[in-house]
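Since the structure of chain A is already known, use the hints to place chain B with the ligand on it.
The listed protein sequences derive, respectively, from chains A and B. Per numbering that gives the first Met the number 0, residue 0 is the first one in the first sequence, and the count goes up by one each step. Per numbering that gives the first Met the number 0, residue 0 is the first one in the second sequence, and the count goes up by one each step.
Derived by calculation from the structure, the hints in this document are not laboratory data. Warning: the hint list may mix true and false statements.
Using C-beta positions, here's what the derived DEER-type ranges look like [stated by the list, open to error]:
#, chain 1, residue 1, chain 2, residue 2, range
1, B, I104, A, S191, 47 to 53 Å
2, B, T17, A, S191, 44 to 50 Å
3, B, N100, A, K20, 27 to 33 Å
4, B, E36, A, E88, 19 to 25 Å
5, B, E36, A, L5, 38 to 44 Å
6, B, F37, A, E88, 42 to 48 Å
Example chain B residues on the side facing chain A (calculated, C-beta under 7 Å, incomplete) [as the list claims (entries may be wrong)]:
#, residue
7, C16
8, V55
9, T74
10, I111
11, N113
12, I121
Stretch by stretch, here's where chain A covers chain B in the computed footprint (C-beta under 8 Å, at least three residues) [claimed, not checked]:
#, segment
13, 32-42
14, 56-66
Quick caveat: nothing in here was measured; it's all calculated off a predicted structure. Beta carbons are placed, not taken as given, at the ideal position from N, Cα and C, and that holds for glycine.
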Amino acid sequence: MSRPELQAPPEIYYGDSEAVKYTKNTRNQQIQADLTYRALELLNMPPDQSAFLLDIGCGSGLSGEILDEEGYVWAGVDIAPSMLEVALEREVEGDLFLQDIGQGLGFRPGSFDGAISISVLQWLLNAETSHHTSAPPHRLHRFFTTLHSALRNPSRAVFQFYPTSDDQIQLITSTAQKAGFGGGIVVDYPNSKKARKVYLCLFVGGGGGQQQV
Amino acid sequence: MVRLITHNLLACHVKGCTTNNFPLQFQDVQIELQEAEFNPDFVRNLLPRLEWGALVDAAKQVGDTSLPPEQPEMTDDDVLQKLHHVLLEIHITEGAMVCSNCKHIYPISNGIPNMLLSEHEIG
Ligand SMILES: [Zn+2]
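Extracted from the complex, chain B is given alone in its bound form:
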């Protein structure tokens, strides 16, 4: 399964695709919600690695609008709870991720994104 936590850390890795290669855009996605144990420390540790704007956009693309558009200065428990849900409880099961720059399509089938490149796309 792919969740927004990994989507937010994933860029296109096609040869020469180095600008505007993040975030990958979701296309025709189906989702499944699965509860995960809330660990505020984990979410707090992760926060500096995340691109807030990309996360808000990705959440919107899968139908979740709970996050504020700007990263709040104070990450209280309420924000951490919302982040926890967005990052770890929404599973993308079908669809695709598309690179805005080179248009490479990474299909997602049965919860697993296919990241394989063809010979001419390998760096």
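In isolation and in its complexed conformation, chain A is listed as follows:
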């Protein structure tokens, strides 16, 4: 099977049955949990702060449950209504929005203390329609510029994602830089084809926190 983002747009791929299947799959749950904890580690929030976070592509709330447990208040955006329905049924605490991040975010400047995103960015690399505003570079640009503005200075945003080529990584990092972000790519287990995980760690201002990634 090829990766889901190559088969259909997310709101189609994650239809009703796929959304429930994805969420109930214990292997998916475990992977998603591991990725979320690692993203939070890279986010490096000050321990004494009760922060307001944005979960980009929150899906059925698998990461959101962890944010709840960790004491964060959060809002989540996702383009797949079926996934959001499942999140509601699971009674996660975060505010949920049906939103296409490629259209840009509408949050006021400095709204969030940080953002995480698990397994979402690769979806932005596929054109949604033939319209020119739907081309991946346009969608990435709108997303990163509106995200940069929605984050506080200093703060961080951490994205785990599945690039299929170095060109894709290059497009994503250069677009993020143009939007004003610092930071870069962190690769975990670079030598294992199976365990290899790619994280885009973006900084607004100094990026907050003490330690550099």
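Frame of chain A; chain B with the ligand shown alone:
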């Protein structure tokens, strides 16, 4: 679910809609109250990000008049408690948010606002 904490941070994001695009006006809303754990530090941290007047108005639109019209200089525990309730315990379940400037309607159904734009509204 959408609460006033996110409503207060949300502006219209339709192409070219950059003035008078905040706050979005509630229309025909239904609400549900859900208790949340009180964390005074969280509310205090959030305070500088909020637009007080918009929050007071939005609270009124959903039937809560507990906040003073002007932001108090001292945020004592009583004010923080009231803010906590207004920001985190009132959930909008149905209705819509309407942009005062471009009149775009963001419908809220089953607690989830639909923020999707059509092709000509994308910046
Ligand atoms: Zn508008």
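Hint-by-hint comparison with the structure:
no.	hint	result
1	B:I104 with A:S191: 47 to 53 Å	holds (49 Å)
2	B:T17 with A:S191: 44 to 50 Å	holds (47 Å)
3	B:N100 with A:K20: 27 to 33 Å	violated (42 Å)
4	B:E36 with A:E88: 19 to 25 Å	holds (22 Å)
5	B:E36 with A:L5: 38 to 44 Å	holds (42 Å)
6	B:F37 with A:E88: 42 to 48 Å	violated (26 Å)
7	C16	violated (9 Å)
8	V55	violated (17 Å)
9	T74	violated (15 Å)
10	I111	holds (5 Å)
11	N113	holds (5 Å)
12	I121	holds (5 Å)
13	32-42	holds (count 4)
14	56-66	violated (count 0)
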